[in-house]
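The task is to assemble the complex, starting from two chains supplied on their own in separate frames and drawing on the hints.
Chains as they are written, first to last, in this note's numbering: chain A, 1 to 112; chain B, 1001 to 1114.
Calculated directly from the structure, the hints in this document are not laboratory data.
This one's a predicted model, so the numbers in the text were calculated from it and none came from an experiment.
Some clues are possibly wrong.
If we take Cβ atoms under 7 Å as the criterion, some of the chain A residues that face chain B in the derived model are [unchecked claim]:
hint	residue
1	Gln42
2	Gly43
3	Pro44
4	Tyr46
5	Lys52
6	Leu100
7	Thr101
8	Phe102
Backbone N, C-alpha and C define an ideal beta-carbon position, used for all residues, glycine too.
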Amino acid sequence: DAKTTQPPSMDCAEGRAANLPCNHSTISGNEYVYWYRQIHSQGPQYIIHGLKNNETNEMASLIITEDRKSSTLILPHATLRDTAVYYCIVRGSGGGADGLTFGKGTHLIIQP
Amino acid sequence: KAGVTQTPRYLIKTRGQQVTLSCSPISGHRSVSWYQQTPGQGLQFLFEYFSETQRNKGNFPGRFSGRQFSNSRSEMNVSTLELGDSALYLCASSFLEAGNSPLHFGNGTRLTVT
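With the rest of the complex left out, here is chain B (with noise of 0.2 Å):
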């Protein structure tokens, strides 16, 4: 089985631009999640779909946002870049939305906003 798949790898983008990441879950899965990592706070939970439907938030601007599709893959928007979005985006996917379900992670995408 595939693993769950994230592009782009890298990204450069400038202040003030926005930006699309993409997740492609594992076949079968029906949760996604998404997690930013930076050095200073670890990993930060940002929100979780299941179903086509957000399910969970975390303390993040609205400039944050996502969605996902009927396929499951997932998508993240962050709109009007700050340099502190710098970070290591990470998608998870799992296949029911808690409890005996293990997530299995990509290996993100790096953003970074000069």
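So that you can see chain A by itself, here it is in the shape it has in the complex (with noise of 0.2 Å):
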């Protein structure tokens, strides 16, 4: 089974921050946090990942807890292209099946 939790959709109006949240409780020290999103019909595609720190590249910003066990993607300014299913994983060092299990994902909607 999938190690996270996520929402099933989300809504978001165009031009507005998209908060996407994950639960991972049960995840261990040396497991990365990755996000990735699919869009009809293409293969997911990466956005960001990170251990403990706070992330942010050219698509999104990463908010992990101090705890860890729960991390929020955010991208800054939605637009109707950013429609998708928002996947959260989490993969370890040690590689192992279960960093490559993917939930159900929450599927975002931008909203013009």
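Here it is as structure tokens:
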């Protein structure tokens, strides 16, 4: 089973920040948090990942709580093209199939 | 850098046949993993190869098999196809097999079994 929990769907207005939560309460010390998104009929696209510090790249920001049990992906200025299913997974340095297991994700709908 | 390439993009087969799907990873990536995606079950992990060795396997029957070649290219094979095997098959590559190494996905092969 997936080691993460996400809300099944969320709405966000175009131009606003989209904040997508993920719970990973059983995360261990060597596991990274990864975010991907999938637009219909395409493969999942890598967005960002982090271990314990907050991370930012050209696509998004990742905020990881101090206890690392949850994280939030932030899309700062959502556009209609950000409508997609967003997946949060954890992936450890030791490998293993668990780190390759995706849950159902969050269907983010950007409203015009 | 070229992304992950999967061929063919679409495939139609009949029940009982077998099929081979191909995946070319990003240059320099040594890990390749395969996924099956259906509307009902979502993304399900099939198996992962690293340096030509299968490292992990998901909960799929033995009809599903794969291999990885010395150039890191990978193939997966499904024998005795069933209607339920109709799905989008996705391949992902990464530099390492775990940890601080993002997966990069191809756009998949859509298999239809009639």
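Evaluation of the provided hints:
For the restraint placing Gln42(A) at the interface with chain B, the shortest Cβ-Cβ distance is roughly 5 Å, inside the 7 Å limit, so the hint holds. Interface hint at Gly43(A): satisfied, since its Cβ lies 3 Å from the closest Cβ of chain B, which is below the 7 Å cut-off. Taking 7 Å as the C-beta contact cut-off toward chain B, the hint placing Pro44(A) at the interface holds, the least distance being around 5 Å. A cut of 7 Å between beta carbons decides the hint on Tyr46(A): the least distance to chain B is about 5 Å, and the hint holds.
A distance limit of 7 Å between C-beta atoms decides the matter here; for Lys52(A) the minimum to chain B is near 12 Å, and the interface restraint is violated. Because the smallest distance between the Cβ of Leu100(A) and any Cβ of chain B comes to about 5 Å, under 7 Å, the interface hint for this residue holds. At a threshold of 7 Å, the smallest CB-CB gap from Thr101(A) to chain B is about 6 Å, leaving the interface hint in force. Taking 7 Å as the C-beta contact cut-off toward chain B, the hint placing Phe102(A) at the interface holds, the least distance being around 4 Å.
When the structure is compared with the earlier hints, a violation turns up for hint 5 alone.
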